[in-house]
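Just so we're aligned, residue 1 is where the sequence shown starts under the working numbering, counting upward by one.
Warning: the hint list may mix true and false statements.
What follows is a set of in silico ranges between Cβ atoms, one per label pair, in the way DEER data are often shown [as the list claims (entries may be wrong)]: (1) A51 / R26: 34 to 44 Å; (2) A51 / E24: 38 to 48 Å; (3) E17 / L52: 54 to 64 Å; (4) L18 / I54: 49 to 59 Å.
No wet-lab data here; the hints were simulated from the structure. The beta-carbon is built from N, C-alpha and C at its ideal position, and this holds for glycine as well.
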Amino acid sequence: MHHPVQYETMAKIKQAELLREAAERRAARDARANTSRPTARWLVIALAIGALAIGLVLLTGMI
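Use the sequences and the hints to build the structure in full.
Here's what the structure looks like:
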């Protein structure tokens, strides 16, 4: 039979493990969320700039 202090110590160790695992999951989730991938808005902006550049080239007759 375990002593009550042992149960308390085991409970604290288990709680610390659970907190560490939760922190690791949060860190992994935050790392995935903070990746620098282009968003749809930036894709639209890039396409608009490209279209303007092509329009200016065609307008000025540089082709």
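Going down the list of hints, with the structure as the test:
Between A51 and R26, the C-beta spacing of about 41 Å keeps the proposed range 34 to 44 Å intact. Between A51 and E24 the beta carbons are some 45 Å apart, a value that agrees with the proposed interval 38 to 48 Å. Between E17 and L52 the C-beta distance comes to about 56 Å, which sits within the given range of 54 to 64 Å. Taking 49 to 59 Å as the suggested C-beta distance range, the pair L18 and I54 conforms, at roughly 57 Å.
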